Amino acid sequence: MLSQMTEVLRPASLAEAAALLRRPGLRALAGGSELTGGAYDPEIRAVVDLSGLGLAEIRVGADGWHLGAMVTLAALEAEESLRLLPGNILGRAAYLSAPRTLRNAATLGGTVVGSSASPELATALLALGARVELYNPSPMQLPLAEVLARKAELFPGALLTAITLAPPAVNARAGLARVARTPADVAIACAVALVEVKDDRIQEARIALGGLAPAPALLAAAMQLAGQSFAAPAVTRAAETAAALASVSDIRGSAEYRRWIAPVLVRRALEEAR
Amino acid sequence: MDISFKLNGAERSFVAAPGESLMALLRRQGLVSVKHGCEGGECGACAVLVDGLLRPTCVMLAAQAAGHELTTVEALGDPLKLHPIQQSFIDVGAVQCGYCTPAMLLATQELLVANANPTEAEARECLSGVLCRCTGYVKPVAGVLRAAALLRGEAVPPLTVTARGPLTPDGAPWQGHGGDAAAPAGGPGGGSGGPGATGGGDGPAATAVADRPLTETDLEVREGLVQVGTAARKLDGPKLASGKAAFTDDFEQRGMLYGKLVPSPHAHARIKRIDAGKARALPGVHAVLTHQDIPRITYTTAGQSWPEPSNHDARSLDDKVRFVGDRVAAIAAESYELCLQAERLLEVEYEVLPAVIDPREAMQPGAPVIHDEPDAVGFAIYDFNRNLAAQLHAEVGDVDQGFAASDLIIEGTYEVQKQHQVSIEPHICVSWWDEDGRMVVRTSTQVPFHVRRIIAPVIGLPEKRIRVIKPRIGGGFGGKQEVLIEDICCHLTIATGRPVKLEYSREEEFFAARSRHPQIITMKTGVRRDGTIVAHEMRVLANTGAYGCHGLTVQSNTGVKVLPIYRAPHLRYLCDTVYTNTPPAGAMRGYGVPQGAFAAESHIDEVARALGLDPMDFRAKNWVRVGDVNPLSKNMNEGKEGFSQELYSCGLAECAERGMQSIGWREKHGRRQGSGSKVRGVGGAIAMQGSAIPGVDMGGAMIKINDDGSFNLMIGATDIGTGADTILAQIAAEVLGITAEDILVYPSDTDLTPFDTGAYASSTTYISGMAAKKAAAQAAWEIRKVAARMLGGVSAEHIRLAGHACHTPDGRSVTLREVALNSLHVTDQQQIMGTASAVSLKSPPPFTAQFAEVEVDTETGEVRVLKLVSAVDCGRAINPVLAEGQIEGAATQSLGYAVCEEGVLDAAGRHLATTLRDYHIFDATEMPAMETILVETHEPYGPFGAKAVAEIPVNAIAPAIANAVADATGVRIHRLPLTPERVLRALREAAEAGTAD
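Line order of the protein sequences matches chains A and B.
Quick note on numbering: the working numbering labels position 165 of the first sequence as 165, and the sequence is numbered without any gaps.
Here the working numbering runs 1000 ahead of the position in the second sequence, where the first position is 1.
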């Protein structure tokens, strides 16, 4: 709730926006779905409207995707080129992240670094090895994993401008598994696997888990699955390590429950990717 | 700041505050189709098309709209020229309360522009961003598909339902588990006749019509029903589908202030010092009220008939707070934002007291006493020193002896949670002084007359100086059977002299409104080997929270409507309702029955299993039949002695038969299906409710003719989105030989309509319907007399009203317009009118059998409900489409009760689920297949054979789902909701103990 806010600032350049965001009491306004609906925050004096900065573009090239931070979840869902990703993994993740009307409002950037969306989108991007372009205060690129890990330190001061994805290997496959109270509820936990498969064996696997901890995280043990068959005991053992990531207890489920289901989600995501 | 955008086709410029939401700006411009439902964008009621895409405007700054193109429902069409989407929604019955309708219509528009030929899945997807608490989405989805067909230029079939012929009191008989699976598809023919069913024994020979006065039964039996039993369009449909100003928030008063309550941060504390000086000094703040500023009047917020059978333990403001969210102070200021600022300036010093959150600890020695104030008054059996809000004890036969005589005794304990009503329109009230110095209160309530009477002493005005107006209501579900905020709104108007609007936020709806009572229920059943129930006992610990509103009566219903559905010579019901330092519970659809039905109907399946019987066969062996008397009905009725209730109509057997056929019971039950980690099962349960509180609920109706032969119908009955206005118009129209559209219904204004107890206890169709019917019959009699005089040679008794005219047996006629003109202007002038009221000592129970098919994921504990079947005996369905809408909506609420809806508190009593993100209600995409079966019977005491329909279908879905989960997994879960964690935990424990079968 921004009722006390006195100004909507409309910077003309990214540099100007980045500079504004370093001032106390200012927040980036993207879609507004989280910022404007949240609890009364007397700290917020003004918002920095990012809508005029050309950040709502999706660019596709040989080096992959450049997804502007202001692209809405609905636009991600509808983007034809993203359906080239194995299992349409990003489109599916965007769909699962918020209810329909909010997907027409919520943006990629706000969803990934915000706190109200279901965790699928950030989890999928993590598995896809996404990188984040931001001004902090000068332009830089960081792996998404690092941005998520340093979220509290980076924001609200930094300006997230885009997320980039390299094209996955031609033999990459993906799987997404989630557990929720009902199909349209926020996920209790989810897993996304991106696996390069050769001869029904895992060549390389990246597995991300969302909902277990305050931010989605990669499963370290997945890196050691190269050369394993999907049914190998090593895969089961790697899935079991996901339990250790679970720390969150909330109204949807306890940390203990999350420890129970984390390996199941990993196995299912891998199974779908197989 | 200046903002320009295109709004409904015109370039417009506005001045807006930087922090103003787009919702606020649009409403300020009079575009009141944009509704406030939450503050998180989840409910979608405020959504509009932004560049063709549906976006919630509560989470969008007005500034963000600059340069865009916006469309609201106001641009779609209006009542005089409805858009095909609007017309389709009205035609299929998709408009119930109408609060979310504008957003649903825009969602449809968004879809159909891009996709002229959507599938049902696409229709569901388009509606999924708009949450509806009334319909269960069945009819809105049908509305989308019908609109699509219309816009493609296709011919769509007319939507007509004709009334079914004469009905029997008991429907088709039980076939039994091994019996013929073919259930009757249509209605039973011929009538066996209950009391009065054939007009006091007169034979139904059509030739006799002209020889004696017509009775209502003649209308029904011989001529067929013309209005009753048809799918008359909802009379308020056009204005609701057009987003016209119809709800409390849609009318503004000049100089209106905004109100806000200051909530307690503590579960239990005494206010040692409160200083509002700085808050009052803030410019634009007009009043800050604390307990020091208003008289201390003790009352109950429960909206019930006088004397209210709830403990009088509440005050507008008190020097003690009893739950997190309890009232500390109230503020009125020129904007809501100023209220928020003033709230931060209020200085309060608390003496924090020990709190009791767990109801099991409430009556333990040494527990903190929540109502230690001397002016609290209990109603029946209570003990404030032990936090006992109410106690119930009823026994018939000798239960201990019954258990001793049983072959098998099964006992089990069940627990049900705090469920919230979640009407999409929050509680909202506007109060002002009128030109006569009277307090006018426009409020979103189910009980306008109770509001006037209950707030009168609290605000220090006599009833005659208070007028309560009920406009359209955006859903109630029991939450608005509470005099929740009207008192404080009036206090603020008195303090400031200004109109004040007080509206709950969605967060307040969760932490400071009401909920279904949580209960812990122990069932004990003694049976003989042959499956006869000998003794049946229910012991309940109920949690009423910090105040005792509905604490006695909800729990009374748990006993009186749940236990006696089975014949047993020995019955016992014991209940303690305790106070805790948690948000108060109150009335919610079903009113104690869903809690009891979950326990009892889960338990019945367990008893059947122990006996080796099919659970539906076991039910059939023991369930009640026509002629039975409810043995608890005399013991418990609103905390005093009741009236004996004999059963005159009961379609339970047909409900069960047809429901079992629909779910595939005989093929599926007991034959677990599935592969890998997914297992499927089916479950069923039955329930009964009542129709009104016998001897208490009363409704009045007045009807008068206009020059053109149309009528005004003034009723106290309170349509809260159910379609009650339409139902009552249909009943009156049937009597007068006209259509519902010829009746202008004016409901629920304490100055202008007769008294009615209000919209609760499933009373409106039954009680208010009888009043409307009687009033119409009086007017009809006056019409007949005038017509006989005008036509000559015929006595009034033999005049027949049909087709807007009065007919003689020999074929002459005069129109109603001619009768009206003659009567008002020409001969022996009089206003033809009728005034009547209705009350009943009988509360005929509607019945249901409900079934579920589920799939359980045994590795995660997720329960996915694949299909729900609701077979409901509501007597004659006055409007089958509206009745189906009630059933579909109730089943959906009950589905949420079963799997996800839970008001969760932490150890300090703080509510943890205060958004629609965390408190999840079902959206259109995740609904199971829904089948609704109306099993119509003839209830001789109801108007045209009708019983109630609103509450009955909310009762048996949750136990049906729990029974289906047990059928699928072999594991019985005794606690709602069946969350993934709860289910997986139970499966793991059963696996460890080896108890799954």
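Hints were generated in silico from the structure; no laboratory data involved.
One thing to keep in mind: the hints can contain errors.
[Said to hold, decoys possible] Pairwise CB distance ranges, derived in the manner of DEER restraints: (1) Thr-1995(B) - Thr-236(A): 38 to 48 Å; (2) Thr-1995(B) - Ala-78(A): 41 to 51 Å; (3) Pro-1157(B) - Pro-214(A): 24 to 34 Å; (4) Ser-115(A) - Gly-1009(B): 34 to 44 Å; (5) Glu-1992(B) - Val-248(A): 20 to 30 Å; (6) Ser-115(A) - Ala-1281(B): 31 to 41 Å; (7) Glu-1415(B) - Ala-234(A): 26 to 36 Å; (8) Pro-214(A) - Val-1377(B): 25 to 35 Å; (9) Pro-137(A) - Gly-1009(B): 42 to 52 Å; (10) Ser-115(A) - Ser-1644(B): 38 to 48 Å; (11) Ser-81(A) - Thr-1995(B): 34 to 44 Å; (12) Gln-224(A) - Gly-1052(B): 44 to 54 Å; (13) Gly-1009(B) - Pro-143(A): 43 to 53 Å.
[Unchecked claim] A few chain B residues that don't get close to chain A, going by computed Cβ distances all over 12 Å: (14) Asp-1051; (15) Leu-1053; (16) His-1068; (17) Leu-1127; (18) Ala-1172; (19) His-1286; (20) Val-1352; (21) Lys-1524; (22) Asp-1628; (23) Thr-1925; (24) Arg-1988.
All values derive from a computational prediction rather than experimental measurement.
All C-beta atoms, glycine included, are put in the ideal place defined by N, C-alpha and C.
Verification of the hints:
no.	hint	result
1	Thr-1995(B) - Thr-236(A): 38 to 48 Å	violated (27 Å)
2	Thr-1995(B) - Ala-78(A): 41 to 51 Å	holds (50 Å)
3	Pro-1157(B) - Pro-214(A): 24 to 34 Å	violated (55 Å)
4	Ser-115(A) - Gly-1009(B): 34 to 44 Å	holds (38 Å)
5	Glu-1992(B) - Val-248(A): 20 to 30 Å	holds (25 Å)
6	Ser-115(A) - Ala-1281(B): 31 to 41 Å	holds (36 Å)
7	Glu-1415(B) - Ala-234(A): 26 to 36 Å	violated (43 Å)
8	Pro-214(A) - Val-1377(B): 25 to 35 Å	violated (49 Å)
9	Pro-137(A) - Gly-1009(B): 42 to 52 Å	holds (43 Å)
10	Ser-115(A) - Ser-1644(B): 38 to 48 Å	violated (59 Å)
11	Ser-81(A) - Thr-1995(B): 34 to 44 Å	violated (53 Å)
12	Gln-224(A) - Gly-1052(B): 44 to 54 Å	holds (49 Å)
13	Gly-1009(B) - Pro-143(A): 43 to 53 Å	holds (48 Å)
14	Asp-1051	violated (9 Å)
15	Leu-1053	violated (4 Å)
16	His-1068	violated (10 Å)
17	Leu-1127	violated (8 Å)
18	Ala-1172	holds (35 Å)
19	His-1286	holds (18 Å)
20	Val-1352	holds (23 Å)
21	Lys-1524	holds (32 Å)
22	Asp-1628	holds (39 Å)
23	Thr-1925	violated (6 Å)
24	Arg-1988	violated (8 Å)
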